[in-house]
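Novice: Whenever a hint applies, use it, and build me the whole structure from the sequences.
Number of protein chains: 2
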Amino acid sequence: MLIKDSLDEMKKREVSLKVIKSIIDNDGRDYLYDLTGLSGGFLATEEDLNLLETYIGPAIFEEKLQILGKEHLGGEKIFAVNRTSSGILATILTIAKEDSYVVHFLPEFPAHPSIPRSASLVGANYLEFEDINKFIANFPENTSLVVITPSTMDHKILDEEEFKTTIDLAKDKNIPVLVDDASGARLRTAIFSQKKATELGADLVVTSTDKLMMGPRGGLMAGKEDLIDEIKTKSHQFGLEAQPPSILAMVKGLENYNENDLKKSLAKKDELMDLLANDFEMFEKTPTGIMVSENNLKDEIIFSLKKDKSNFNETSLDKFSNKDFCFIWAMLLLKEEHIVTIPAVSMPGASATVRFDLAANDVDRMDIDILYKRINNSFKKLLNVLKSEKIAKNILFSFN
Amino acid sequence: MLIKDSLDEMKKREVSLKVIKSIIDNDGRDYLYDLTGLSGGFLATEEDLNLLETYIGPAIFEEKLQILGKEHLGGEKIFAVNRTSSGILATILTIAKEDSYVVHFLPEFPAHPSIPRSASLVGANYLEFEDINKFIANFPENTSLVVITPSTMDHKILDEEEFKTTIDLAKDKNIPVLVDDASGARLRTAIFSQKKATELGADLVVTSTDKLMMGPRGGLMAGKEDLIDEIKTKSHQFGLEAQPPSILAMVKGLENYNENDLKKSLAKKDELMDLLANDFEMFEKTPTGIMVSENNLKDEIIFSLKKDKSNFNETSLDKFSNKDFCFIWAMLLLKEEHIVTIPAVSMPGASATVRFDLAANDVDRMDIDILYKRINNSFKKLLNVLKSEKIAKNILFSFN
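Protein sequence lines, in the order shown, are assigned to chains A and B. Position in the first sequence counted from 1, then plus 1, gives you the working numbering. Position in the second sequence counted from 1, then plus 1, gives you the working numbering.
Keep in mind that the hints were calculated from the coordinates and are not lab data. Here the structure is a predicted model, which is why all the values come from computation and not from measurement. Wrong hints could be hidden among the right ones.
Copies of the same chain look alike in the list, so a pair counts if it fits in one copy or across any two.
What the hints assert, rightly or not - Computed list of lysine-lysine pairs in DSS-like fashion (alpha-carbon distance at most 30 Å, straight line):
#, residue 1, residue 2
1, K324, K65
2, K22, K391
3, K98, K235
4, K310, K174
5, K5, K78
6, K98, K233
7, K235, K324
8, K391, K5
9, K233, K12
10, K5, K233
11, K308, K324
Specialist: Right, dumping it as structure tokens:
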């Protein structure tokens, strides 16, 4: 094991920061490709910032949020919450009744835990369905809230007809509908040409402003004015609302959002995945890019080394941990290919999964074909570097 | 009534923004005195902002927060929450048990509603005491959490010995203690030379980063590492934690905080109040300044006009609403004395109370004696303006 503790992780990170600085100083920012996708989504200008410091700023951002939020989500009124989970909690606190049912419909289990957790908090019963017939057949009389998640984290999408049917069922019974459209508000509409949740009849919708758009971690709610007003009151009681700096960043994220950019990033992801699938087994898709887990990376390394040399002995890799493979590869990607991934710059304790985020701004400057070649090259170099512990250490801990 | 609806409020605000701009353009920023105290407390530099946009920023701010937070509050670990109320909710969700008691001790009722509300959410019973003997005599066996508020909104301060006694009582019974030190963390220590809550033995403390310091609306928690870790986990489940832009603003607020500045602002408040008390009945103290409510302003106007002219007829004021008095005075303060107060620049629906915040940065540039004269002058002008509806309208709605 080369990276033994937090101190080693910090050392590795310091080397990365020096490499990044030297690339920017010597070649220019355009020669560095930050594919971490971990931008804070805080796009404010200095002017915004000055405004934020005054009594006028928050009111201006709030006005803009109403306009941009309604364009994005529809509905009569917009309300910004600290997180999507905070919005779900506030809605359930406001609408769900003790001993009644909160019924959740989604295209595929598992459900996001914030929904059953919040229901449990108010003493409501929680039921979840992924089969529309079971949902219809088992719908309890005593239901106070229906939650629909039309797009899961893995981008499983509910058919629009089915979505509409579930909303209509609740509306026929006068039960309010909250749509948890975390990434769906963009994925469903931009990629699958579906309607906004409010257009399909939902009373309330909440979306995550950091998913598939350049906004901050936070939740944006829209819906019927009377319900939003009640949820707002409840949120202020428990501190669930978004604060002005986040509202500013949401406004900037919404201004910056463009359906076509999203379409392009998803098309790029598919293109890259198709290219890589010819040579590798290790890549998996993420919502906006591709990734390689520690275990997949190790398996691919062993497979490749065996292919290369049939008498290859796996014990020669024992001096490396699975995380070491990720860290060394991430450092090679940075030093040799100028591609920044999370394991190169992460703080101690972060996941070592190597992700390539294709919604990152720097992707605009890259041909997918070139990105494929760089990833491919760096993996070949990784196989080579693993032959020598000394070289591997040098890659991790030396600036030159 | 001159300000009849939201549109009139917006017009008045637009005039104010023009006046502010012309003062800054013609005389310079130094000739404008913003005493609203409504700064967003967002002191970030452009460099911070660039950092906030990257994967590295939030980790750096989090590191700084641990260091500065411990200096400010003591304790083993720091955790930033979206609001003080969010921190109270997270603590009660984590520690208070169903059917047990949450016991709240404070030097003077009323208690902040977030404590009973959060207790009710987990099905805990809530008891509150302002008398230490009753607190000791009626303390229930089945108590899962003790909350102590050692400094109320009105700056009523718990005696340090009594504070220590209440903490010790809970600790003898192995019951965790949360101190709601919203403004107290600064008021008690800087002004009353008391110890930090953690130094007095509290397991947990939460303070508001926008009270008596230039931070954002938000809560900063400190305490025992194991409890903070549990509260952090619970907060992440329900979206109660502070987001990176707020954490950055907390770091800046803590860096900027200086006990001596606070001491000075409170001394200035007392000095100003003493001067004004010779001439007026209408002023009340706020935590960091003074204020005049709509009703107090009306009473003072009537009293002054009667004093001036014994046959003064109150019906001559019927053309003005109580809010109009505040708006006209605020516009005179701005146009004639270059002092910005909230009613001059507020959005529709805001409170019309006229506040002078003496912790505002611009107070550094003002002699209290001069501030007193400006307030005095503007009130005399107000009495004069109220004689003519036409002039009053002009003050509200005309730039020149």
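Novice: Please name the hints from earlier in the document that this structure breaks, with their numbers sorted from lowest to highest.
Specialist: 4
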